[in-house]
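Take the given structure of chain A and dock chain B to it, following the hints.
Residue numbers (the working numbering), protein chains in the order written: chain A, 279 to 487; chain B, 279 to 487.
Misleading hints may appear alongside valid ones.
Chain copies aren't distinguished; within one or between two, either way the pair holds.
Here are the simulated BS3-like cross-link-like pairs (lysine-lysine), alpha carbons at most 30 Å apart as the crow flies [claimed, not checked]: (1) 377 / 339; (2) 475 / 284; (3) 299 / 284; (4) 405 / 332; (5) 478 / 340; (6) 332 / 377; (7) 478 / 377; (8) 394 / 339; (9) 292 / 339; (10) 304 / 475; (11) 332 / 304; (12) 447 / 487; (13) 447 / 478; (14) 394 / 332; (15) 478 / 292; (16) 478 / 299; (17) 377 / 340; (18) 394 / 299; (19) 478 / 405; (20) 405 / 304; (21) 394 / 487; (22) 447 / 284.
Calculated from the structure, these hints are not laboratory results.
Computed from a prediction, not measured in an experiment: that's the story for all the values here.
Listed here are the chains, written in short residue letters.
Protein chains: 2
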Amino acid sequence: MDIIEKLNWRYATKRFDENRKLSDEKLNTVLEALRLSPTSYGLQAMKFVVVEDKALREELKKHAWNQPQVTEASHLIVLCREATLSEGDVDLFGDNIAKTRELEREAIAEYMGMIKNSLANLDEDSKGQWLARQVYIALGNLLTVCAVEEIDACPMEGFDPAAFDEILKLEEQGLNSVLVVPIGYRSTEDGYQNLAKVRKPLEEVIIRK
Amino acid sequence: MDIIEKLNWRYATKRFDENRKLSDEKLNTVLEALRLSPTSYGLQAMKFVVVEDKALREELKKHAWNQPQVTEASHLIVLCREATLSEGDVDLFGDNIAKTRELEREAIAEYMGMIKNSLANLDEDSKGQWLARQVYIALGNLLTVCAVEEIDACPMEGFDPAAFDEILKLEEQGLNSVLVVPIGYRSTEDGYQNLAKVRKPLEEVIIRK
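Bound conformation, chain A alone:
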């Protein structure tokens, strides 16, 4: 597999083939890849809402500039951050490390302290910004995994997060929507697939030292 070929194959798909659904196997690969996304410290302070229900997506579309990919894609993924992150959440993370690696909590006490200190130095706004950035790592991972799997995707910042939070009842689950990504298969009628990819030349984006 040539990864560069795959990255050139992908594009922000605007029109999806409504009749082509992702197989369970393909969807499971995407979800497992999301679960494996790297995050700072490994904290995973995020969740992914997978919306298949069409009526719900019609509702959401109204708050995403009526973009057709919201309903036409096979599935809609809403990438969410935890609204905040408490010391208790860090302790739960510690429990998971200790259990997974069969360690005593003592063995990771220093690491836990370091994470808590680092969080204590952030005000709520900075913490929120930092939590949102983590979701962008998951986005980068998701888009590349989709390209590898020849699944089409459209990364979207253009939606109303407050409306999405309300419709998907995210606030009450302690979540905030950050990004939206419809996934599925491109329609033959999506003209964008025929346009040359626009990128700066390598010498403009890379500085060698």
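Just chain B now, with coordinates in the frame of chain A:
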């Protein structure tokens, strides 16, 4: 290739094999993948500094908690955002679209106006945050591409951006360092490679609707 196997293979590598350098071919794949990173609107308001020079990396290491991967890895990549983004930058982006796709500027005038409006609605701080988030997409892409290529990597937020900016003379190029990623090959002595990956179970991170 099983992408899930690759994602499970990767981990934040702390100790690299100093004697194993990336081949030119491998490095070029990584750099081309960075160039192809998705960004909002396709703006690519970022650059990547690839530091091979050991003396320079010794200098940088002092401002990254003396973490050994900064100097031991084959190459150090510093992911930078543009310090700001002006209407002029958007026009240059428009020039690139028009040239790449052989279009008249008229044909993309609406798209250009939409981007400019959206930027005009951001104050400098929000714009900076948004530009930084874009770099996290590139990070997610980079880490997954490295995994696919069996290149080891260590995503790092733990460094002093102001010191990196000064040492690498980034300010005068209108850049701010956001993230640091040493890449290369894991040392057999890095104990972290033997630890089980810690992740929440799928049912905790995925919500189906």
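Now for the hints, and whether the structure bears them out:
| no. | hint | verdict |
| --- | --- | --- |
| 1 | 377 / 339 | neither (41 Å within a copy, 33 Å between copies) |
| 2 | 475 / 284 | both (13 Å within a copy, 27 Å between copies) |
| 3 | 299 / 284 | both (20 Å within a copy, 25 Å between copies) |
| 4 | 405 / 332 | neither (34 Å within a copy, 34 Å between copies) |
| 5 | 478 / 340 | neither (34 Å within a copy, 33 Å between copies) |
| 6 | 332 / 377 | neither (39 Å within a copy, 40 Å between copies) |
| 7 | 478 / 377 | between (46 Å within a copy, 11 Å between copies) |
| 8 | 394 / 339 | between (39 Å within a copy, 24 Å between copies) |
| 9 | 292 / 339 | within (13 Å within a copy, 44 Å between copies) |
| 10 | 304 / 475 | both (26 Å within a copy, 22 Å between copies) |
| 11 | 332 / 304 | within (20 Å within a copy, 43 Å between copies) |
| 12 | 447 / 487 | between (49 Å within a copy, 11 Å between copies) |
| 13 | 447 / 478 | between (41 Å within a copy, 22 Å between copies) |
| 14 | 394 / 332 | neither (41 Å within a copy, 33 Å between copies) |
| 15 | 478 / 292 | within (23 Å within a copy, 32 Å between copies) |
| 16 | 478 / 299 | between (34 Å within a copy, 27 Å between copies) |
| 17 | 377 / 340 | neither (44 Å within a copy, 35 Å between copies) |
| 18 | 394 / 299 | neither (43 Å within a copy, 36 Å between copies) |
| 19 | 478 / 405 | between (33 Å within a copy, 21 Å between copies) |
| 20 | 405 / 304 | neither (34 Å within a copy, 36 Å between copies) |
| 21 | 394 / 487 | neither (35 Å within a copy, 34 Å between copies) |
| 22 | 447 / 284 | neither (36 Å within a copy, 34 Å between copies) |
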